[in-house]
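K.L.:
Residue-level listing of the chains:
2 protein chains.
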Amino acid sequence: MRAFVSENHTDLLSDLDAWLRIPGISAQPEHHEAVHRSAAWLADAFGRTGFPTVEIWPTAGLPSVYAEWPAEDSSEQTPTVLVYGHHDVQPVDPIELWNTDPFEPTVDGPVLRARGASDDKGQLLFHLLGLRAHLAATNRSSPAVNLKFLIEGEEESGSPNFERLLAERADRLNSDVVVITDTGMIAEDIPSAVTGMRGLVVATVNFHGPDLDLHSGSFGGAVPNPATAIARLAAALHDEAGRVQIPGYYDDVLELRADEKQLIAQVPFDEAEFLKTSKSRALSGEVGFSTLERLGARPTAEVNGIGGGYQGDGGKTIVPSDAFVKLSFRLVADQHPAKIRAAVETFVAVHKPDGISHTIEWEGEGVSPCVVGIDTPAFTALSRAISTAFDADVVLPVREGGSGPEAAIAQAIGAPLVFLGVGLPDDQIHAPNEKVTLSMLYKGAEAAGHLWQELATLGKLGLKG
Amino acid sequence: MRAFVSENHTDLLSDLDAWLRIPGISAQPEHHEAVHRSAAWLADAFGRTGFPTVEIWPTAGLPSVYAEWPAEDSSEQTPTVLVYGHHDVQPVDPIELWNTDPFEPTVDGPVLRARGASDDKGQLLFHLLGLRAHLAATNRSSPAVNLKFLIEGEEESGSPNFERLLAERADRLNSDVVVITDTGMIAEDIPSAVTGMRGLVVATVNFHGPDLDLHSGSFGGAVPNPATAIARLAAALHDEAGRVQIPGYYDDVLELRADEKQLIAQVPFDEAEFLKTSKSRALSGEVGFSTLERLGARPTAEVNGIGGGYQGDGGKTIVPSDAFVKLSFRLVADQHPAKIRAAVETFVAVHKPDGISHTIEWEGEGVSPCVVGIDTPAFTALSRAISTAFDADVVLPVREGGSGPEAAIAQAIGAPLVFLGVGLPDDQIHAPNEKVTLSMLYKGAEAAGHLWQELATLGKLGLKG
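Same order as they appear, the protein sequences are chains A and B.
55 is the number of the first residue of the first sequence in this note's numbering; add one for each residue after it.
55 is the number of the first residue of the second sequence in this note's numbering; add one for each residue after it.
Hints may be right or wrong, so weigh each one.
Which copy? The list can't say, so a pair holds if one copy fits it or any two copies do.
Calculated pairs, DSS-like style, for lysine-lysine (alpha carbon to alpha carbon, straight line, at most 25 Å) [stated by the list, open to error]: (1) LYS370 - LYS330; (2) LYS333 - LYS370; (3) LYS393 - LYS406; (4) LYS370 - LYS393.
These are calculated hints, taken from the structure and not from any lab test.
Extracted from the complex, chain A is given alone in its bound form (with noise of 0.2 Å):
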């Protein structure tokens, strides 16, 4: 498998080179055209490659690119693979502080850099390579599992049209296991998996008072101020120890075991490297948790903007009309959006003041959560291919704090994810000069071509555990 790798990664790094010199900036309409361009191109690639079936699958926004590939000798027992990625970049606003043009892709000794190197067009080529080495290494003419990627086209834009599409083309995607590769690890001699996504609810809530501004000499201290109480209800979301105040806020909340915090523990953490990087003079956070744990494996109610009243300079002395608060909560396993945005509703009911009236603006349903099991046969499996990829035996948990469309794809398939990724974290991906390593790119190629055969080799039965 190494050595076949070895033997052919100019190919990756020349297919990478063509793919990112198109722009596929999917939150740009200017750049939608890249982004179709962008669908043709890897659809090719997947066939050069020798996937018998590619197809390019529309959707009311920007295209998905599906390809499948059964093993010939498919079986009962053999297992369905589905691998997603999104073939869709960031923009590249602030487009100054690039040190190189983002769409010219450049080998910079041990990385290249370009928008999209490592998020994702990277890490779905990787894919490319190891599947022809896991090939030559098996000597066969197929996978060794039924494989299907599903490339989405708009995830750098919220996914607005992804679930749609996995409930329209659910005949087609039914897997047992999915793998998803758009996250990283710790760092280049630290193998690790995301095991975790945080789910997200996000809502405006607006209070109104007075109809309008008054004068607060001739009514301040007699009348409600929504400012004050718009205040008053963010302060009091937490605690004096960090703790969400929401009642039934924790009831879903699956606790991490004995086991699972003393991995956490073991995943290095650099405090003053943290800070650094999000330019912070303290930690901060609910009590008891670490950093890591209270990224990954906490829910928070954050407070994303406030505002009411004068906002100009000096000062003008009035009681305001209206104020409001922009909140966001990132859930964890097993919270659910529905929940949460019902919890929220009564908070906010119960904590408005007599006379100020009140509305709430929620984004959308909410993305929820999800979780591996550290415990499960897929992540064993996981582990066991990147072990070998990595000549190193330990792959440490890691749950990330952000949210993606990850638990749509899970509930929607109805199967156990797994997260091989291989960004690290100084990729600089979302922001100027991105990277990716390309020794990770060659890791990751040798890791996907041995999971293939791990998962072959626990067939379906042995996935369910």
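Starting from the known structure of chain A, arrange chain B on it as the hints suggest.
P.N.:
The following block gives chain B in isolation, referenced to the frame of chain A:
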């Protein structure tokens, strides 16, 4: 007195008509020429009335008018009285809401409409008629007290140069009692007098967290959020009973005596009307006090504005870098602006979480509160003068919620204040369609005439109590 006022009130009307045509808006530079004309017109009117000394006092901004008329038979016991008012007027925006031209005085039955009709030109001109009535009724060729008038030209733009003028002219302004003439009464048939104005300090508190807006997925729940912190600060200002929680805040508050509370309770207050005027849906404030007590006799802490983080439509999942709250504190006797500023600084420092840096910007030094003792000889003299003019025994005390230069005058002169004002709550001062009720001006003229006699009878010693 009444006969003289009645026979000569057309003089007041024609003077008022002439003066109101001068648009002396101090807040608008394009009207500053008119403020100078207004000062000249008033100086001429003082001269015509018989004042032997009339001066226009320049300042770094717009001029005040000073007039002096000593009692010819002045003795050591003859009190010197300083009358304060202002000759500038408010802007007229929104002009489209006026039913008549604001500088085209229009008599409409019992009222006269124009900008400045009540605040403060009508109230100043009743003094000229009242003084002539006083001379006629007492058959004197000079007032029974040493009269001084100081009429400011920048009251409607915050009196920026007034304290300096008071200091510079201290030798000329020396007096035994100060009569403030730009306030009002409860109703046409309920004679009353203002007995207090609140003080004021105004601040903007800025909290700074991370040096940039952070992604709430990657950092939320692990670093301090300045928007949450500013909300917690604003929320900490009051307890559930609406009492300000800044340590020491109430230390110097002169609590209302039982007899004062009883008198305030007699002041008519229409809750439905107050809610309608304030376009509010509920009363609120410090538990244990009536609305009139909350507005006039209790200090407040008000959030005038709050802001930070994302302000646009929808949501944005960030931990903001900055947040602010704009606060004003209305003070009552004997609170000191400097002590309150220091208490607020300590409060903010204590409530600022680790990892948040802060600044506090104060709007100047603040305004002191003032209060008139209702058992002082000056207030007794005022009460008798008003009762005689209005044919009614009671002069109810009214604590104004607003803040002005009155305390600064009292402090600079070192003399007690009384408030003789005949504005009505529906005069719409500072708003479109300002009016004055003419019968109130005539009663005001009578009350002023009686007041000079009352104060002369009291004498300097009597004034000291």
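K.L.:
Hint by hint, which ones does this structure get wrong, listed from lowest number up?
P.N.:
none
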